[in-house]
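Taken in sequence, the protein lines are chains A and B. Numbering follows this note's numbering, in which position 125 of the first sequence is assigned residue number 121; successive positions increment by one, without gaps. Add 291 to the 1-based position in the second sequence for this note's numbering, that's all there is to it.
Don't read these hints as lab results, they were simulated from the structure. Given the structure is predicted, the values throughout are model-derived calculations rather than measurements. Please note: incorrect hints may appear among the correct ones.
Below 30 Å or equal to it, Euclidean Cα-Cα: the simulated DSSO-like pairs (lysine-lysine) are [unchecked claim]: (1) A:Lys51 to B:Lys313; (2) B:Lys419 to B:Lys538; (3) B:Lys413 to A:Lys0; (4) B:Lys577 to A:Lys71; (5) B:Lys580 to A:Lys33; (6) A:Lys71 to A:Lys1; (7) B:Lys554 to A:Lys86; (8) B:Lys313 to A:Lys125; (9) A:Lys1 to B:Lys411; (10) B:Lys488 to B:Lys419; (11) B:Lys436 to B:Lys509; (12) B:Lys554 to A:Lys0; (13) A:Lys0 to B:Lys566; (14) A:Lys0 to B:Lys419; (15) A:Lys86 to B:Lys436; (16) A:Lys34 to B:Lys554; (17) A:Lys7 to B:Lys411; (18) A:Lys67 to A:Lys7; (19) A:Lys67 to B:Lys411; (20) B:Lys294 to B:Lys352; (21) A:Lys7 to B:Lys509; (22) B:Lys554 to B:Lys538.
Label pairs and their calculated CB-CB ranges [as the list claims (entries may be wrong)]: (23) A:His82 to B:Gly563: 30 to 40 Å; (24) B:His353 to A:Pro38: 15 to 25 Å; (25) B:Gly416 to A:Pro38: 26 to 36 Å; (26) A:Lys0 to B:Lys422: 40 to 50 Å; (27) B:Glu502 to A:Ile72: 32 to 42 Å; (28) A:Ser5 to B:Glu558: 32 to 42 Å; (29) A:Trp73 to B:Pro571: 39 to 49 Å; (30) B:Ile305 to A:Trp73: 14 to 24 Å; (31) A:Pro63 to B:Lys313: 44 to 54 Å.
Heads up, the beta-carbon is just placed ideally off N, CA and C, and yes, glycines get one too.
Listed below, chain by chain, are the residues.
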Amino acid sequence: MDEKKILLSEKEIPQSWYNILADLPEPLPPVLHPATKKPVCPDDLAPLFPMELIKQEVSTERWIEIPGEVKEVYKIWRPTPLFRAHRLEKALNTPAKIYCKWEGVSPPGSHKPNTAVAQVYYNKKEGIKRITTETGAGQWGSALAYAGSCFGVGNKGLYGKGQLQSKTL
Amino acid sequence: MVKVSYNQKPYRRIMMEVWGAKCVPSPSPDTESGKKILEKDPDCPGSLGIAISEAVEDAVKHNDTHYSLGSVLNHVLLHQTIIGLEAKKALEKIGDYPDIVVGCIGGGSNFAGFALPFIKDKISGERKNLKVIAVEPASCPTLTKGPYRYDFGDSAGLTPLLKMYTLGHDFVPPPVHAGGLRYHGMAPIVCHLYNLKYIEARAVHQLETFEAGLTFAKTEGFICAPETDHALRVVIDEAIKCREEGKARTILVNVSGHGHFDKSAYEAYLAGKLKDYAYPQEEIKKALKNVPEVE
């Protein structure tokens, strides 16, 4: 029987994220300012997001390097396994091959920390102390709280005030 | 946190508290947008759109505070591409490539993060025949029933306007719906690619998604998040089609998370308490009246 799990090593964690804006056959319709209904400029978004994320929002670079500190946190659970669902295939009596990418192995249990960790990292670099967000069933809120704790722990002696806090609405 | 979930699903809230975050049920009296909604409807169960308004308002009012969004925006999808890039690398190792890529969509981040590195090859023409399927709940049918137009990302209309398929920014999901994926809009990148026909969309009913989740749990073992069960439904449907047509296609699915904190939804399903619900077209029409005219 073929392998059940196809595992990558930590060295094989991708070095960059892929930005599809570089390859879209037609450009994405612009984001508009809610009052003027004209395309937003970076300064409009600055009260909400760190500049690095605003740049990523509009970048047309195909590959954007993953910062080292983010990769260090990714290593806690990445690469995630890819597994072949042999038993499901057998139960369905199908000739199809079914592969599952399993994102449930992260500490909060979903794919959400992939971006939470990056977002907290860029916010912290800009000196932000507190992050607000919304969460529905809680996957996102728990991922952001987790990411906050990852970078807060690095702030030795700044416990409390200096620690990144996330407030979830 | 959306109030209905705050009360019904305490475990993720407790996780947030363990990691040092403060979690507030929304609508809350802490913000102007929350207060307004509570004045109109003190028992409002809350929605993602309302919670976004409150979180954005709080961030704008505090200098040391930023806002963070867990889906929809381009940079969120960008970070999630690590999923698809890893999947592609792993398949390369065994010399395989998918014919069909499947993921569930709410705001679009797990689906896009998984599918975009493969859609790259479809756009370039290298894998013209690749089929990419986004699966959404029939009770929140953004791509399959919403129109493609500019709308706000939140209920109060504080966010910029995004061009997306939308059910209207004041959409409040039907409480019968158990399986997440409740956002009124969709990531602009996903909408754009759907509009350009690089992506197909399917709406599935909740009973058939839990049935798929149970089949998966009984064969592969993992009890997945109810959101993921939407994708598994379509994987099973496609695998059955392969059997009927005698075609050995390769299907790749993103299993976006485990369902350890969603057991009450499974309990309701096993007890026969869940019902199917298709979001009615009239409701969509009604909600769209409040969507701003741009073009």
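Cross-check of the supplied hints:
1. For the hint linking Lys51 of chain A to Lys313 of chain B, the alpha-carbon distance of about 29 Å falls within 30 Å, and the restraint holds.
2. With a C-alpha separation of about 18 Å, the suggested pair Lys419 of chain B and Lys538 of chain B falls inside the 30 Å cut-off, and the hint holds.
3. For the suggested pair Lys413 of chain B and Lys0 of chain A, the alpha carbons sit about 28 Å apart, so the restraint of at most 30 Å is met.
4. Proximity of Lys577 of chain B to Lys71 of chain A is assessed by CA-CA distance (about 47 Å); at most 30 Å being required, the pair is judged violated.
5. Taken as a hint, the Lys580 of chain B and Lys33 of chain A pair is honoured in the structure, with Cα atoms around 18 Å apart against an allowance of 30 Å.
6. A threshold of 30 Å between alpha carbons decides the hint, and for Lys71 of chain A with Lys1 of chain A the separation of about 18 Å falls inside it, so the pair holds.
7. Note on Lys554 of chain B and Lys86 of chain A: the hinted pairing holds, with a Cα-Cα distance of about 26 Å set against a maximum of 30 Å.
8. Between the alpha carbons of Lys313 of chain B and Lys125 of chain A the distance comes to roughly 14 Å, so the proposed pair stays at or under 30 Å and holds.
9. Proposed proximity of Lys1 of chain A and Lys411 of chain B is supported: the alpha carbons are some 25 Å apart, at most 30 Å.
10. At roughly 12 Å between alpha-carbon atoms, Lys488 of chain B and Lys419 of chain B fall within 30 Å of each other, so this suggested pair holds.
11. Proposed proximity of Lys436 of chain B and Lys509 of chain B is contradicted: the alpha carbons are some 33 Å apart, above 30 Å.
12. Distance hint between Lys554 of chain B and Lys0 of chain A is fulfilled; the C-alpha atoms sit about 27 Å from each other, no more than 30 Å.
13. Pair hint Lys0 of chain A plus Lys566 of chain B does not hold up; C-alpha atoms about 36 Å apart against a cutoff of 30 Å.
14. Taken as a hint, the Lys0 of chain A and Lys419 of chain B pair is honoured in the structure, with Cα atoms around 29 Å apart against an allowance of 30 Å.
15. Restraint check: the Cα-Cα separation between Lys86 of chain A and Lys436 of chain B comes to about 35 Å, which exceeds 30 Å; the hinted pair is violated.
16. Restraint check: the Cα-Cα separation between Lys34 of chain A and Lys554 of chain B comes to about 45 Å, which exceeds 30 Å; the hinted pair is violated.
17. The hinted pair formed by Lys7 of chain A and Lys411 of chain B meets the criterion: a straight-line CA distance of about 24 Å does not exceed 30 Å.
18. This hinted pair checks out: Lys67 of chain A and Lys7 of chain A have alpha carbons roughly 11 Å apart, not beyond 30 Å.
19. A C-alpha spacing of about 23 Å is found between Lys67 of chain A and Lys411 of chain B, which places the hinted pair at or below 30 Å, so the restraint holds.
20. Between Lys294 of chain B and Lys352 of chain B the CA atoms are separated by roughly 23 Å; this keeps the pair inside 30 Å, and the hint holds.
21. About 34 Å separates the Cα atoms of Lys7 of chain A and Lys509 of chain B, which puts this hinted pair outside 30 Å; it is violated.
22. For the given pair, Lys554 of chain B sits about 36 Å from Lys538 of chain B by alpha-carbon distance, which is inconsistent with the 30 Å threshold.
23. Between His82 of chain A and Gly563 of chain B, the C-beta spacing of about 31 Å keeps the proposed range 30 to 40 Å intact.
24. Checked against the hint of 15 to 25 Å, the pair His353 of chain B and Pro38 of chain A passes, with Cβ atoms roughly 20 Å apart.
25. Between Gly416 of chain B and Pro38 of chain A the C-beta distance comes to about 34 Å, which sits within the given range of 26 to 36 Å.
26. Against the hinted window of 40 to 50 Å, the Cβ-Cβ separation of Lys0 of chain A and Lys422 of chain B comes to about 25 Å, which falls outside the hint.
27. Roughly 34 Å separates the CB atoms of Glu502 of chain B and Ile72 of chain A, a value that falls within the hinted 32 to 42 Å.
28. Between Ser5 of chain A and Glu558 of chain B the Cβ separation comes to about 40 Å, which falls inside the hinted range of 32 to 42 Å.
29. For the hinted restraint 39 to 49 Å between Trp73 of chain A and Pro571 of chain B, the CB-CB distance of approximately 41 Å keeps it satisfied.
30. Checking the proposed 14 to 24 Å range against Ile305 of chain B and Trp73 of chain A shows it holds: the Cβ atoms sit about 20 Å from each other.
31. A hinted range of 44 to 54 Å for the beta carbons of Pro63 of chain A and Lys313 of chain B is inconsistent with their spacing of about 27 Å.
Of the numbered hints listed earlier, those contradicted by the structure are 4, 11, 13, 15, 16, 21, 22, 26 and 31.
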